[in-house]
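Enquirer: The chain contents come next:
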Amino acid sequence: MTTATATEKVPAVDGGSILLTLMKLRTFIALFAVIAFFSVFAPNFLSTANIILMSKHVALNAFLAMGMTFVIITGGIDLSVGSIVGLCGMVAGGLILNGIDLQIGYTMYFNVVEVCLITLAVGIVIGAINGLLITRLNVAPFIATLGTLYVARGFALLSSDGQTFPNLVGKEELATTGFGFLGSGRIIGLPVSIWILIVVALAAAYVAKYVPIGRQIFAVGGNERAARMSGIRVDRVKMFVYMFSGFCAAIVGIVISSELMASHPATGNSFELNAIAAAVLGGTSMSGGRGTIGGTIIGAFVIGILSDGLVMMGVSSFWQMVIKGIVIIVAVVVDQAQRRLQQQVTLMQLAKKG
Amino acid sequence: MAAETHDTILKLDDVTKVYSGIVAVKHASLELKRGAVNVLVGENGAGKSTLMRMIAGVEKPSLGRILLDGKEVEFNSPADAQKHGIGMVFQELNLFGNLSVAENIFATREITRGIRGIDHKAQVAKANIFLDKLDAGISAETMVEDLPIGQQQLVEIAKAISLDTRILILDEPTSALSAAEVDILFKVIGELKAQGVAIVYISHRLEELMRIGDYITVLRDGQITGQAMVRDIDTRWIVRSMIGSDAKDFAKSVDHKLGAEAFRAEDICLPRRTGGLAVDHLSISVKSGEVMGIYGLMGAGRSEFFECVIGQHAHSTGKIFVAGEEIVARDTSTRIRKGLALIPEDRQREGLVQVLSIASNLTLASLEKFVKFGFHISGERERSAIKEQVRNLSIKAPNPDFDVTSMSGGNQQKVVIGKALMTNPKVLLMDEPSRGIDVGAKADVFRTMRRLAGEGLAILFSTSDLEEVMALSDRIAVMSNGRITTILDRADATEELIVKAASEGHKSAEHKTIGDIA
Numbered sequence: 001m002t003t004a005t006a007t008e009k010v011p012a013v014d015g016g017s018i019l020l021t022l023m024k025l026r027t028f029i030a031l032f033a034v035i036a037f038f039s040v041f042a043p044n045f046l047s048t049a050n051i052i053l054m055s056k057h058v059a060l061n062a063f064l065a066m067g068m069t070f071v072i073i074t075g076g077i078d079l080s081v082g083s084i085v086g087l088c089g090m091v092a093g094g095l096i097l098n099g100i101d102l103q104i105g106y107t108m109y110f111n112v113v114e115v116c117l118i119t120l121a122v123g124i125v126i127g128a129i130n131g132l133l134i135t136r137l138n139v140a141p142f143i144a145t146l147g148t149l150y151v152a153r154g155f156a157l158l159s160s161d162g163q164t165f166p167n168l169v170g171k172e173e174l175a176t177t178g179f180g181f182l183g184s185g186r187i188i189g190l191p192v193s194i195w196i197l198i199v200v201a202l203a204a205a206y207v208a209k210y211v212p213i214g215r216q217i218f219a220v221g222g223n224e225r226a227a228r229m230s231g232i233r234v235d236r237v238k239m240f241v242y243m244f245s246g247f248c249a250a251i252v253g254i255v256i257s258s259e260l261m262a263s264h265p266a267t268g269n270s271f272e273l274n275a276i277a278a279a280v281l282g283g284t285s286m287s288g289g290r291g292t293i294g295g296t297i298i299g300a301f302v303i304g305i306l307s308d309g310l311v312m313m314g315v316s317s318f319w320q321m322v323i324k325g326i327v328i329i330v331a332v333v334v335d336q337a338q339r340r341l342q343q344q345v346t347l348m349q350l351a352k353k354g
Numbered sequence: 001m002a003a004e005t006h007d008t009i010l011k012l013d014d015v016t017k018v019y020s021g022i023v024a025v026k027h028a029s030l031e032l033k034r035g036a037v038n039v040l041v042g043e044n045g046a047g048k049s050t051l052m053r054m055i056a057g058v059e060k061p062s063l064g065r066i067l068l069d070g071k072e073v074e075f076n077s078p079a080d081a082q083k084h085g086i087g088m089v090f091q092e093l094n095l096f097g098n099l100s101v102a103e104n105i106f107a108t109r110e111i112t113r114g115i116r117g118i119d120h121k122a123q124v125a126k127a128n129i130f131l132d133k134l135d136a137g138i139s140a141e142t143m144v145e146d147l148p149i150g151q152q153q154l155v156e157i158a159k160a161i162s163l164d165t166r167i168l169i170l171d172e173p174t175s176a177l178s179a180a181e182v183d184i185l186f187k188v189i190g191e192l193k194a195q196g197v198a199i200v201y202i203s204h205r206l207e208e209l210m211r212i213g214d215y216i217t218v219l220r221d222g223q224i225t226g227q228a229m230v231r232d233i234d235t236r237w238i239v240r241s242m243i244g245s246d247a248k249d250f251a252k253s254v255d256h257k258l259g260a261e262a263f264r265a266e267d268i269c270l271p272r273r274t275g276g277l278a279v280d281h282l283s284i285s286v287k288s289g290e291v292m293g294i295y296g297l298m299g300a301g302r303s304e305f306f307e308c309v310i311g312q313h314a315h316s317t318g319k320i321f322v323a324g325e326e327i328v329a330r331d332t333s334t335r336i337r338k339g340l341a342l343i344p345e346d347r348q349r350e351g352l353v354q355v356l357s358i359a360s361n362l363t364l365a366s367l368e369k370f371v372k373f374g375f376h377i378s379g380e381r382e383r384s385a386i387k388e389q390v391r392n393l394s395i396k397a398p399n400p401d402f403d404v405t406s407m408s409g410g411n412q413q414k415v416v417i418g419k420a421l422m423t424n425p426k427v428l429l430m431d432e433p434s435r436g437i438d439v440g441a442k443a444d445v446f447r448t449m450r451r452l453a454g455e456g457l458a459i460l461f462s463t464s465d466l467e468e469v470m471a472l473s474d475r476i477a478v479m480s481n482g483r484i485t486t487i488l489d490r491a492d493a494t495e496e497l498i499v500k501a502a503s504e505g506h507k508s509a510e511h512k513t514i515g516d517i518a
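Chains R and W are the protein sequences, given in the same order. Residue 1 is where the first sequence starts when you use the UniProt record's numbering, and the numbers rise one by one after that. Residue 1 is where the second sequence starts when you use the UniProt record's numbering, and the numbers rise one by one after that.
Everything labelled a hint here was simulated from the structure, so no lab data went into it. Hints are supplied without guarantee of correctness; some may be wrong.
As the list claims (entries may be wrong) - With a straight-line Cα cutoff of 30 Å, these simulated DSS-like cross-link-like pairs (lysine-lysine) come out:
1. W/K372 to R/K209
2. R/K24 to W/K396
3. W/K121 to W/K187
4. W/K287 to W/K121
5. R/K209 to W/K369
Bound-form chain W, shown alone:
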């Protein structure tokens, strides 16, 4: 790697991070350059955020060392890392909504007047200086919860700048920003760079990376697959390193006839807490035996749409039909009984009950199927159903009575899928089904999806992986900003078309609000 003008400030030496059930980072070595923008890209679950959380002191590496200015350091907490001049702006904002902007910026290092307590005036004045630098147009006295999400992001950035950081990590900083706000952010990054700050920039948006980055590192499945100077490479190189030459083992699509319409959603709306719509008048229809891929970037509203369908949002509006019959009931239990099933995106928080065994997790949603005399769970029937599901999904479980957390992420995901399948659904909703699982398990999951479609199930799955959506779907719907911007047949779909449609919603959203006012 050429390092003509920039010297290394921080070095990760062969680090590995293991979570329960998954290896997030495998033997990664990374150098961050002073006074440069170090870009980090990779698909969801590639391990970018984990890597950065180790630098910011949120997580400790399971193996390996961190070297700062050539000396080995150990961060036990984010405060530790901050002392060494490392600041991080997280993807999920870490702000106190019930406090003012100034109080947030100076949290844990309040400006005090000895025993007379906090000097609020000085804090506000100083906070305003940082905010002005960002051209944010935010008053330091505003409550954070009253700000729109884009401005909250700017507050986070102002907070990180105010720490006199030498290394500033920005995890998807632009995901909630408008084009004008992005320009301001880039200007600030330029200034910080000139001051010798090392910037780490994580993003999915390739054109942004090309514009701002100096050095680029590509991650795939927890391993570093490419490192280069940005000026030496092009977007195709990035995509190749992200996806890898060893094309993933996608199940071949078997041609089978599509049946009648199995699922239809009409005019689904879900208001967002911060204003606007998370799901914006969305309508979609899927035939039985069809695999419909929903592509979209983070925050496009895919998960929210799925949650509306399965009945997790009491405030959502719109109609849902399964096999032509409208489902009026709004609760999840009835909707599952009517033939809908959801495999949630966040396996740990929404998919599994960690304290229960593999077997209990599998049958959790379908217990009533095994009940004798109206109350007794027949152990025999339950066991044979579990055995069948373990075989069908090739779950690698030495013993179904073990804790579900004793398995790898991929097998845990199969358990979640098995749980949904045991309710005998007609329509299967899969939210990022391949997220955070290893290559082999991915192939198994994809093969299962194809098999189920062949058996006449209607499948909707969401992904932010281009290759995946192209290879698996019969039709591709692209979501952006809560709306479906286009629906393409697989034959007509190209990567450019999809990427373009995925960013379309943001632009038109701005036009739309103007239109609404007029």
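Pulled out of the complex, with its shape left as it was, chain R reads as follows:
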């Protein structure tokens, strides 16, 4: 919405190159537009407390959206992340509260670090299952991850019979205390989850730019056949992106249950859609080959600020949904327009050259 009005004002002089630059910066423009809008119209919007609270909300979606970005760049989709969040939350909660009953009269407990590692492993394994279904059994990504969406949610509900694991403070003698640190602790004034986000985002952006597998992710999404012909192990690349997506979802599962000090099996319902929205808003192309981690993070901030700001303004949640939907559609329309414009500009240049 905001981007569209901003671009319309510019006359299409200069072979559309100004227009093109503005369109490329649309996510930034959108971010500044939302921030400017709410700092005027929403009370207390710019207070430190509110900003930190919003960042924590945004962080959850940003984790999922980063994993989703890699998946979408390869030309796939991961619908199962919301359910992985739920299942991983239950795994973490269950391990702290009940441990593992070894069926021989003993129960095994893990300390908090071990619990987190096991939970992350669970997320990665579910991602690997998605990857195997897609690469080995040739199931379409949409269907494969739709399947694991149901399976993971089902196991989350089964794990507690649909009940919540409450009060995850742990016991001193089992070294299971301190789980709450991840969700509500702070380091140098910033919430721990934000620090984790910064580390993971920097790592992901580094991988995308400076590690061979990052380059290969773009190649697979840009032209899978050419990637194969160039000797890229396409299956391995796909396995990686789904496992990374599962890993990101597991982090979110841990953070949420740590924040609430409880695990509920329905946590993370429809989170996948917000993650896809953030990735798309950040310039990731659903047809593969294009996207950046930075763009996705900004996209997540636009969506997060939009919903929190609207709540603060007292807009009804029904209208919030309408507005969010319109923003996403406009983002994609502008994206397509930019692509067409760019193509025209290149073709014109080529025709001029002869």
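Since the structure of chain R is provided, determine the placement of chain W on it from the hints.
Expert: Leaving out everything else, chain W in the frame of chain R:
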């Protein structure tokens, strides 16, 4: 041009077509005559198909006009062109394999009984009339995917005839037909001609053109280089117009010693989906420093053979040796690491990742060479390698960080070649390396091939350009119907020998199947 009895039905007036990275047709003007066979010839990538796709409404010309019966028309879609009576049989068949022959013929104009839906009986009956006209021996109720490729081609032709076309474009209609089927097709063409239909006939087979054509137009590099009545000319005239008097700038072959055997393929077989073998017990051996040209017509199995070697077909059988060592691994990554590299025929679909930059495309296959600490791509090492490759291949790239699609076709091809070379191959497979690139880039590519051979690389390249194969190869292998029909030393090779060998496989294939049964 003499036009005694035939008047013009359609005229292309100074049309140009630009694709991303390449100008396919440059300022071409063409007249199609009513009630005559208008033949169009030219090498691969000369722009014949593009020209016809504009007439059939598949593409719109970037510049220029189309005049039908003297009036300017604009076709926005094939359906538009069809309404004006223009039908086209494409080189790649456009049939729905999962539907019956009748359903294919009447696709988008089904015979209906009002709201009661499609009248399948009437469709089958009418379709059978058209099929009988072709003597095809096909039942209209058969599923298209169950038919062999030659009969599928006849279905396409029946479909085009059923449209009451005034202009019928046949793009290489005989490439998959047997001799008997060709005769039937020519009979049908004769009948259509008598009814006043303008036929456009595209083919590589010169003797066919001489037999059936009335008017001939020759294309080279997107430009029309010759127009004449067929009865006034001979095949030599065609060849001269196709190749041009300005002989291409082939790199002079430098005499250098050939080394030991660098590459050997033994008994490579690849089954075709429609039955038979696409690559038929093929064996070949190349020494290091040697350039081996593989000549063959379309569908001879050259690309398939290369794909088998590089490990793209899981069902292929046979053995492959590089420098005497057998390569057992079947996946492309390992084969590239063992010293094989392929420059694919279809640059856009198989060679380039369009969304990536020139630089990223160049290093795509050899990223591990630039890796520090096991994971970090060293920007410096990568950049200097890219710079070196850009210089060696004289790639005209203003900035390697630009999109690869911003360059011309020739430079894109050089990028694909550079990508393969950066893996340090011992054996380079080049599938139609000069296809769809301009003259200057061709000369660069040929010079590079010679230089690489001089450096001890074994090169196998395929082409359907006679002149090219004669000028560049140390030895020439001729492929036909999945087999190598002959291998000639350059000194012994003549154009007649090669052309003869290139059509040999089809005849002997028929004998062979009879032999197999007996």
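Enquirer: Indicate, hint by hint, whether the structure satisfies it.
Expert: Consistency of the hints with the structure:
no., hint, verdict
1, W/K372 to R/K209, "holds (14 Å)"
2, R/K24 to W/K396, "holds (27 Å)"
3, W/K121 to W/K187, "holds (28 Å)"
4, W/K287 to W/K121, "violated (62 Å)"
5, R/K209 to W/K369, "holds (16 Å)"
Of the hints listed earlier, the one the structure fails to meet is number 4.
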